[in-house]
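Just need the whole structure built from these sequences, with the hints factored in.
Listed below are the residues making up each chain.
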Amino acid sequence: MFALFIVLNEPEFLPQVLYKIKQLDIRGATVIDSMGAAAISKDMYNIPLIGGLMKSIDGDTHYNKTIFSVIEREEQVQKVMYHIEKILGGDMKRPNKGIMFVVPVTHMRGGELNRHIISRENKKFMSQEFTNEYY
Amino acid sequence: MQEQYVLVSVINSTKAFKKVKKKLSEIGYDRFTAIDSIGSTELLNDMEFSNMFSNSLSEMDNNNYNKTLLLVLPNEEQVEFVMDELEKILNMDPKKPGKGIMFTFPIITAQGVRFDEKETMNKDEEE
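Chains as they are written, first to last, in this note's numbering: chain A, 64 to 198; chain B, -11 to 115.
It is possible that some hints are incorrect.
Derived SDA-like pairs (lysine to any residue); straight-line CA-CA distance at most 20 Å [unchecked claim]:
1. B:LYS87 to A:ALA66
2. B:LYS83 to A:THR129
3. B:LYS87 to A:PHE131
4. B:LYS55 to A:THR129
5. A:LYS85 to B:LYS7
6. B:LYS83 to A:GLU175
7. B:LYS55 to A:LYS187
8. B:LYS55 to A:PHE131
9. B:LYS76 to A:ASN177
10. A:LYS187 to B:LYS87
11. B:LYS87 to A:LEU176
12. B:LYS84 to A:THR129
13. B:LYS7 to A:LYS142
14. B:LYS76 to A:GLU175
Source of the hints: derived by calculation from the structure; they are not laboratory data. Note that the structure is a prediction, hence the values are computed from the model and not measured.
Written out as structure tokens, the structure reads:
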């Protein structure tokens, strides 16, 4: 099992990305408002009064979105990453697109994915028992 | 070197988050990070809603935010223990999702993380 983290530098792609994740049968994702280090260290924001004003004028533009989701199999992870890269313009190596990374999950509890795995295992077990009885 | 883990727990209700906070401090983990987050389904529904009506209507309702908790744990036993405790507190039922989700991933090293001294002392005594 894996956890995919996606940092989107262009939050306008968020609905498309979430919709794609849903389409690819990934059960749920969590979204966090985040900020790139470059945006935080903008020198102008450190000037008293004016910095605050500039920050409020800029609004939410310097914010980006971080999405994370637990995915069961590696091929699913590859598929999701491929499709997200396509949505973001096809090449994430270009700057200011965002980053994606995957970490291996050792333990997992709760959530729709867990329910899905348990019900699948139950079905498998039931069908096995059924075939055993039949033969 | 012993493998450490990061526990990521998304808690869907703020009330439950308070309970979790209390429980964690009881079991000696009172240092963790909490982030405001939002579920993808909620967000997608919200977006559809704001397309249909005005944007401000959906912004008025902030109840759909949930909390994400990040906690570093020293070993696998503690992972199982903390997860069991949280599962009990959140009344998690595998058949009825929606209370939240938690998962862990291994980390190579961590600095600035202090584990409860009592626990490590007890372990030393046992050994």
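Verification of the supplied hints:
A C-alpha spacing of about 19 Å is found between LYS87 of chain B and ALA66 of chain A, which places the hinted pair at or below 20 Å, so the restraint holds. Restraint check: the Cα-Cα separation between LYS83 of chain B and THR129 of chain A comes to about 28 Å, which exceeds 20 Å; the hinted pair is violated. A distance of roughly 17 Å separates the Cα atoms of LYS87 of chain B and PHE131 of chain A; the hinted pair therefore holds under the 20 Å criterion. Annotation: proposed proximity of LYS55 of chain B to THR129 of chain A holds, straight-line Cα distance about 14 Å (limit 20 Å).
Simply put, LYS85 of chain A and LYS7 of chain B have alpha-carbon atoms about 31 Å apart, too far for the 20 Å limit, and the pair is violated. About 9 Å separates the Cα atoms of LYS83 of chain B and GLU175 of chain A, which keeps this hinted pair within 20 Å; it holds. Among the hinted pairs, LYS55 of chain B with LYS187 of chain A is inconsistent with the structure: their alpha-carbon atoms are about 35 Å apart, more than 20 Å. Proximity of LYS55 of chain B to PHE131 of chain A is assessed by CA-CA distance (about 13 Å); at most 20 Å being required, the pair is judged to hold.
Using a Cα cut-off of 20 Å, the hinted pair LYS76 of chain B and ASN177 of chain A holds, with the two alpha carbons roughly 16 Å apart. For the suggested pair LYS187 of chain A and LYS87 of chain B, the alpha carbons sit about 26 Å apart, so the restraint of at most 20 Å is broken. The straight-line distance between the Cα atoms of LYS87 of chain B and LEU176 of chain A is roughly 13 Å, inside the 20 Å bound, and the hint therefore holds. Between the alpha carbons of LYS84 of chain B and THR129 of chain A the distance comes to roughly 27 Å, so the proposed pair goes past 20 Å and is violated.
Distance check on the hinted pair: LYS7 of chain B and LYS142 of chain A sit about 38 Å apart at the alpha-carbon level, beyond 20 Å; violated. A threshold of 20 Å between alpha carbons decides the hint, and for LYS76 of chain B with GLU175 of chain A the separation of about 18 Å falls inside it, so the pair holds.
In this structure, the hints that do not hold are numbers 2, 5, 7, 10, 12 and 13, in rising order.
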